[in-house]
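Generate the whole structure from the sequences, applying the supplied hints.
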Amino acid sequence: MNLHNVLTVFLKELRDSLRDRRTLISMIVVPTLMIPGIMLVAGVISYKVVRNAQAEKPSVMLLGAEDSPVVRGALAENHKIEILPAAANWKQRITDKQLRAAVEIPPGFDATLARGEPAVVKIFNYESEMRSGFAVSELRNFFNDYRDKTITARLAERGLPAALVKPFEVKTENVAPPEKVGGNIVGGMIPYIFILLCFTGAMYPAMDLTAGEKERGTLETILCSPVARTDLVLGKFLVVLAASLGTVVISLLSMGATFLIGGMLLAKSDVGAAAMAAAKSGAAQGFTLPTIDPAGTLMVLAMVLPVAVLFSAILMAVSLFAKSMKEAQSYVSPLIIVVILPAMMGMLPGVELNARLALVPILNLALVSKELVSGVFHWNYIALIFGSTCLYAAVALAACVRMFNREQVLFRT
Amino acid sequence: MIETRNLTKVFHDKKRGEIRAVDNISFLCRPGQIYGLLGANGAGKTTTLRLLATLLRPTSGAATVAGFDTVADPARVRAGVGFLATSTALYGRLTARETIAYFGRLNGLTAEQIAARTRELAAALDLAEFLDRRVEKFSTGMKQKTSIARTLVHDPEVLIFDEPTVGLDVMAARTIVRFVRDCRARGKTVIYSTHVMSEVDKICDTVGIIHHGRLVAEGTPAELRQRYGEQDMEEIFVRAIGGEEAV
Chain F
1 MNLHNVLTVF LKELRDSLRD RRTLISMIVV PTLMIPGIML VAGVISYKVV
51 RNAQAEKPSV MLLGAEDSPV VRGALAENHK IEILPAAANW KQRITDKQLR
101 AAVEIPPGFD ATLARGEPAV VKIFNYESEM RSGFAVSELR NFFNDYRDKT
151 ITARLAERGL PAALVKPFEV KTENVAPPEK VGGNIVGGMI PYIFILLCFT
201 GAMYPAMDLT AGEKERGTLE TILCSPVART DLVLGKFLVV LAASLGTVVI
251 SLLSMGATFL IGGMLLAKSD VGAAAMAAAK SGAAQGFTLP TIDPAGTLMV
301 LAMVLPVAVL FSAILMAVSL FAKSMKEAQS YVSPLIIVVI LPAMMGMLPG
351 VELNARLALV PILNLALVSK ELVSGVFHWN YIALIFGSTC LYAAVALAAC
401 VRMFNREQVL FRT
Chain D
414 MIETRNLTKV FHDKKRGEIR AVDNISFLCR PGQIYGLLGA NGAGKTTTLR
464 LLATLLRPTS GAATVAGFDT VADPARVRAG VGFLATSTAL YGRLTARETI
514 AYFGRLNGLT AEQIAARTRE LAAALDLAEF LDRRVEKFST GMKQKTSIAR
564 TLVHDPEVLI FDEPTVGLDV MAARTIVRFV RDCRARGKTV IYSTHVMSEV
614 DKICDTVGII HHGRLVAEGT PAELRQRYGE QDMEEIFVRA IGGEEAV
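Residue numbers (the working numbering), protein chains in the order written: chain F, 1 to 413; chain D, 414 to 660.
Simulated from the structure, these hints should not be mistaken for laboratory data.
Fair warning: this is a prediction, and the values are worked out from it, not measured in the lab.
Derived EDC-like pairs (lysine to aspartate or glutamate); straight-line CA-CA distance at most 20 Å: (1) F:Lys-323 / D:Asp-426; (2) D:Lys-550 / F:Glu-215; (3) D:Lys-550 / F:Asp-20; (4) F:Lys-166 / F:Asp-148.
Where chain F lies over chain D, by a calculated footprint (3+ residues, C-beta under 8 Å): (5) 467-475; (6) 488-494; (7) 501-511; (8) 517-525.
Think of the CB as a built atom: it goes at the ideal place given N, C-alpha and C, for glycine as much as any other residue.
In structure tokens, the structure reads:
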């Protein structure tokens with residue numbers, strides 16, 4: 001290996017790539033502007049949607065209860081639900097989202113309760129629909145309260161204390177530090193974004209420096225210079241790697257800036273003030289605003305390094321096989337799914353890091369990152385993941401160098 | 414000098430089976446001489462030249478170029494060779510100066526040597542005016558001149574040209590032809606492939622006629638005229654390959 005030649009190729013390819021508008025778009029414009037922009041807009045919209053849904057008084061249709069004025073009266077007094085009189089098309093109206101839910105009170109409900117006999121109240125909803133879900137939870141709260149009051153009244157009639165049926169209370173309280181709570185919430189997201197950006201950042205330069213050169217006829221020009229194929233591939237590879245890592249670092253900085261500026265702007269706006277108030281009142285009830293461990297985030301960046309090497313080498317080897325950019329795109333695009341799937345699996349609740357999963361590339365990074373941003377450092381797993389990914393990356397790079405030495409690949413017709 | 418001994422290149426194609434693109438070719442090309450490789454499209458000219466430039470490895474046989482074996486010492490062969498073909502394009506986003514410097518550095522020249530060589534080449538090829546403009550904005554002729562500068566930056570002793578005038582207008586083609594002759598005058602070993610018969614008469618000292626990968630005739634233009642009893646190079650070519658039906 002001739003370091004002078006590797007450096008010469010690297011510097012030339014870097015200059016060439018930085019003069020290419022498409023590389024700049026995928027490396028700088030997308031991560032700095034689009035991704036934070038999308039995240040910010042999506043965040044504000046989803047917050048507003050949820051807030052509006054929560055603020056809405058759910059409309060619930062009351063079925064039956066003509067002979068049960070007590071429960072009907074109690075329901076009517078509940079200001080959290082809007083009770084509508086029964087209509088024949090209630091099922092259709094729930095399906096059409098004009099009505100959030102319906103509640104069916106069995107005939108003679110008041111009398112049945114008075115006799116101390118069992119009764120069944122049915123709630124009809126639109127499963128998985130958020131606003132219907134809010135209506136159901138309001139109805140459940142109401143009927144749980146109503147049941148508790150009935151029990152208390154019955155116990156009082158018999159001269160028994162209320163604690164008879166409620167011998168103890170169950171309370172939950174979070175003892176995990178806030179950064180760990182945050183790690184669980186956003187920890188899955190961070191590596192997912194890193195992995196995706198790391199891949200997309202390498203994608204365009206990898207294709208441009210291999211298949212693109214073949215298409216433009218410059219590959220033959222460079223191949224007939226004295227530079228060794230290994231030096232050539234390493235120089236090109238370093239540019240792809242730099243683009244990949246550059247994309248990650250730029251997006252990290254831009255996301256950091258977005259949260260900082262976005263947070264300041266939000267605090268000034270109505271929506272933001274409401275969010276802050278909600279967070280503060282939540283804190284009083286044992287809820288903590290999520291934060292992430294900065295050292296852990298830096299550690300995630302370090303763990304991304306071998307993955308970036310792996311991606312860059314694979315993308316270059318695959319693209320080199322193609323005769324044109326178009327062909328390269330058709331090979332590379334399906335790889336995004338291959339990358340996203342393990343990254344998404346890492347976000348699933350309950351999938352925890354173990355020695356076997358530590359050997360699965362990408363998934364291992366997603367899992368260890370979840371722990372790292374929570375400030376948990378399992379050094380044995382970290383070493384295993386870093387080591388195994390380095391090994392995969394080395395194999396991929398060796399395959400890439402081998403491809404560059406195969407004339408069937410370079411002069412494929 | 415270029416010397417090939419029973420040079421053979423076999424490709425394997427799934428549909429067409431075994432293709433002998435270059436079949437047992439032996440020839441010698443001396444310094445100060447232009448060897449013309451004449452053949453129809455697909456005759457094996459490009460493959461032969463790629464074998465000489467170490468872009469491909471021979472299946473059997475051997476070639477010595479600029480004093481080194483193409484298989485045993487490909488990097489040193491490339492250091493002594495300038496290869497120019499229609500398929501060797503330039504980097505559009507680099508300027509002419511950057512292009513010359515890049516290939517100069519890869520050929521082991523120092524910054525001072527590159528600067529001096531750039532000045533020389535710019536003067537010789539009339540490049541000075543557009544030296545700092547990006548190649549993508551160049552006309553075909555300007556690109557061709559830059560390509561020549563790129564080929565000559567390390568002052569190679571052997572020059573390989575693969576149909577360098579294909580697709581060029583008259584003026585650009587004349588630049589190339591003048592440049593090839595100039596190389597001969599400076600004692601370079603030159604091999605030049607073409608299917609343009611008139612170019613052969615103009616520049617070649619020795620002609621090798623290649624057909625279906627085999628060297629079917631070889632000699633100076635005068636010798637070939639005598640051997641085939643024809644004056645016109647096109648007629649000589651057709652007779653050498655065994656008549657029009659052989660194409």
